[in-house]
Amino acid sequence: MEQAEKKMSPRQLFLFIIQAQIGVGVLSIPYDLSKTAKGGGGISVVIAGAITQIVILMMWTLLRKFPGMNLFQICIRLGGPIIGRLLIACYVGFFILLGSNVLLNAYMVLQRWILQSTPKWVVLLLFCIMTYYLAKEKLTVLARFYSLSSILFIPLIIFVSYGLTQARIEYMLPLTEAGLINILKGTKDTTISMYGFEMFLIIFPFIDASDSKKLKMISLSNLFVTLFYVFVVCTCLMVFNQTQLPMIPEPVIYLVKSLNFYIIDRADILFLSIWSITLVCSIASYFYAAADGLAVLFSKKNHQMFDPFVSVAFFLIALLPTTPMAIDRINKISEYAAYVFIAGVPFLLMLFSLFVKKKAGGAV
Amino acid sequence: MKRCRGALCLVMLGLSTALLTGCWDREYLKDLNLAYSAGFDLTKDHKIKETVELIIPPKTEQSATTNEIHSAVGLSTRGASNILRARVRGNMRVIKNSVQLIGRSLAEEGLKAPMDVNFRDPRNPSSDVRLVVTENDASEIIGMKKIGELQIGEFLTQKISSLEKMSLFYPPETVNTVFRSLTDPGQDFALPYIGVQGSEIVAKGVALFHDQSFSGSLGKDQSIMLVLMKGKSGGNARFTKTVNLDTTKPIRGSISYNVGNKKRKRVFHVSVARNGDVHVTLRLKLQAVIEEFTGPQLLDDKAVTRVNRELSSIMTEEAREVVRELQQANCDIFGVGRQLMAYHPKLWKRIDWNKEYRNVQFHTQVQVSIIDTGVIQ
Numbered sequence: 188m189e190q191a192e193k194k195m196s197p198r199q200l201f202l203f204i205i206q207a208q209i210g211v212g213v214l215s216i217p218y219d220l221s222k223t224a225k226g227g228g229g230i231s232v233v234i235a236g237a238i239t240q241i242v243i244l245m246m247w248t249l250l251r252k253f254p255g256m257n258l259f260q261i262c263i264r265l266g267g268p269i270i271g272r273l274l275i276a277c278y279v280g281f282f283i284l285l286g287s288n289v290l291l292n293a294y295m296v297l298q299r300w301i302l303q304s305t306p307k308w309v310v311l312l313l314f315c316i317m318t319y320y321l322a323k324e325k326l327t328v329l330a331r332f333y334s335l336s337s338i339l340f341i342p343l344i345i346f347v348s349y350g351l352t353q354a355r356i357e358y359m360l361p362l363t364e365a366g367l368i369n370i371l372k373g374t375k376d377t378t379i380s381m382y383g384f385e386m387f388l389i390i391f392p393f394i395d396a397s398d399s400k401k402l403k404m405i406s407l408s409n410l411f412v413t414l415f416y417v418f419v420v421c422t423c424l425m426v427f428n429q430t431q432l433p434m435i436p437e438p439v440i441y442l443v444k445s446l447n448f449y450i451i452d453r454a455d456i457l458f459l460s461i462w463s464i465t466l467v468c469s470i471a472s473y474f475y476a477a478a479d480g481l482a483v484l485f486s487k488k489n490h491q492m493f494d495p496f497v498s499v500a501f502f503l504i505a506l507l508p509t510t511p512m513a514i515d516r517i518n519k520i521s522e523y524a525a526y527v528f529i530a531g532v533p534f535l536l537m538l539f540s541l542f543v544k545k546k547a548g549g550a551v
Numbered sequence: 017m018k019r020c021r022g023a024l025c026l027v028m029l030g031l032s033t034a035l036l037t038g039c040w041d042r043e044y045l046k047d048l049n050l051a052y053s054a055g056f057d058l059t060k061d062h063k064i065k066e067t068v069e070l071i072i073p074p075k076t077e078q079s080a081t082t083n084e085i086h087s088a089v090g091l092s093t094r095g096a097s098n099i100l101r102a103r104v105r106g107n108m109r110v111i112k113n114s115v116q117l118i119g120r121s122l123a124e125e126g127l128k129a130p131m132d133v134n135f136r137d138p139r140n141p142s143s144d145v146r147l148v149v150t151e152n153d154a155s156e157i158i159g160m161k162k163i164g165e166l167q168i169g170e171f172l173t174q175k176i177s178s179l180e181k182m183s184l185f186y187p188p189e190t191v192n193t194v195f196r197s198l199t200d201p202g203q204d205f206a207l208p209y210i211g212v213q214g215s216e217i218v219a220k221g222v223a224l225f226h227d228q229s230f231s232g233s234l235g236k237d238q239s240i241m242l243v244l245m246k247g248k249s250g251g252n253a254r255f256t257k258t259v260n261l262d263t264t265k266p267i268r269g270s271i272s273y274n275v276g277n278k279k280r281k282r283v284f285h286v287s288v289a290r291n292g293d294v295h296v297t298l299r300l301k302l303q304a305v306i307e308e309f310t311g312p313q314l315l316d317d318k319a320v321t322r323v324n325r326e327l328s329s330i331m332t333e334e335a336r337e338v339v340r341e342l343q344q345a346n347c348d349i350f351g352v353g354r355q356l357m358a359y360h361p362k363l364w365k366r367i368d369w370n371k372e373y374r375n376v377q378f379h380t381q382v383q384v385s386i387i388d389t390g391v392i393q
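Which chain is which? The protein sequence lines are B and R, in order.
Residue numbers for the first sequence follow this note's numbering, so the first one is 188 and each next one is one higher.
Residue numbers for the second sequence follow this note's numbering, so the first one is 17 and each next one is one higher.
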């Protein structure tokens, strides 16, 4: 990256992380939670948010030790040219996997609800073109687009809030029906929807703010996302009963569909059209991260020449699985990969950095 | 390099214009046969008979639309629709569907199976589709084709919405709300109940459901009472009763009053006694507007107090009768079971609600107070 490039403002960081975090997962959290946490789904989400916050703190302690560097450069600095490059390659693979997983799930939702006869490759191609177009730009362009599209959260929140007119608090009670252990298990299902905050590792040096301000902004966006999820989960839990929820894989869309707006029927079509833009933002973030990783891997100044490859990789990985089982397997693999690459590796790097710093300090 | 990028841009532009138009998921209105209303019956050999009213667009712009009635028998709802599709020209679609009739025989059998397609297929509208139970076969009503000047589907939609305004059934039960109640063990529902009398379609009241099947019905006044007991009102709730204002003389007058358009107060409380008995307190405070009084007296303060007392006792008795009918039909329309699940989960796990609901002790009380006697006393 060129030094002269304009940096992101803290406000843009806030919206960037929100856009990267809120993806396809939120549509089905209430369903995932209905299997484990039942009425206590809201509590599970809050716990997941707290865990995310701890991981964010950990990332922050790692990143602030190396001013002006992002994850990839830190990998090289700490691991040396070979191990570092290996790590970067793994990270690139991880981001491609996660991105195409979001892409695949986005397609599945659209296919089920609106585009029933449109071939899979068309939808995927359209998404790939959109994300390619966005992610090939500089980070500031992404940030500006994300900020602009954040306005779209307002109609989405209004749609979901309208569901409160059908809500019955009794459906959610008793909160601890499933027991504490199941509520904790539910946390695991929610973490998938929290992914996206790891973009922090990539964009950290490109933000025009002090380290503590950066932490504050990203914590705020985590708080916003957690509260948004709690709101969505609680609304769904109050609208659908516990027999219905396990039948409906995307309760949020079902909720919007079941609302009567008098003038329009099938509000879910509007909802999903708006939602697609948020999905593009999520996918574009992973796209950018993967391309940026490739650029560092091959010591290139910018990532534009790698973009087509990433795009093709996204397209192919999302195109391959066709049976629900294969899709499930991809989801599982990305979930476990995320534990390793979002929490595990940064944690090891952080421990390592403490060690190295001391040594380096001793040498100077 | 620059030329290459230009070419790429052109290709992208071409691709997006070609692909963004959404060529696959489209349906032209001119190719469709819109089913405005549909009815489902159970045949003797346990198959489903579907009767639909199709709207045929006018040939010229000035003339009105006409309708056709078709029916088919299939193993399931969608199965019957598929057979129907083979009979009518073009593609039959229910996207403009606003009312579905269910014959009593099918309602007694259970709604879960025949309604499944409504919940499963996202293209079926569900937020504003009314479900109605018919006394005899649903095909009989749809087969009437036209009521006066109106086509049957239009007539039914208008009829139901006007009955909703009269609080005969309110809040509206749509496919969605029924889905919710069908899956809820602690909540039952009631659907509008209509029948044919001569050449007219008349509202009979409501059909009560237990779990998923028809289990009883309420009359018209009772239906309005039920709506009030749910704490709702569609706008108007009118009753006509006979009251006796002077015990010394046998003069009786009939009084018509409306309790639907003023504020109502409702107390609904579920409590569990120490021995496990479930008690439900249901208290209603209604404010009545007198619309007609045929008695000889003036409705002065003294008379009003008396009328209040009389009406309160009549309405309380009526409400208790409604509760008896509900328990008879095992229809937990107030969601007492849901309250138990939420606030007394231990008790809920212990009891068999299907049996226990009949033993719930309701304490029903209705209080009517007249707040307006119109422009004369």
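Be a bit skeptical, because a hint or two may be false.
As the list claims (entries may be wrong) - The calculated DSS-like cross-link candidates involving lysine-lysine, where the alpha carbons are at most 25 Å apart (straight line), are: (1) R:Lys65 with B:Lys222; (2) R:Lys365 with B:Lys372; (3) R:Lys112 with R:Lys46.
Rather than coming from a laboratory, the hints here were simulated on the basis of the structure.
Requested in this report: Taking the numbered hints from earlier one at a time, note which ones the structure violates and give those numbers from smallest to largest.
Outcome: Checked against the structure, the only hint that fails is number 1, while the rest are satisfied.
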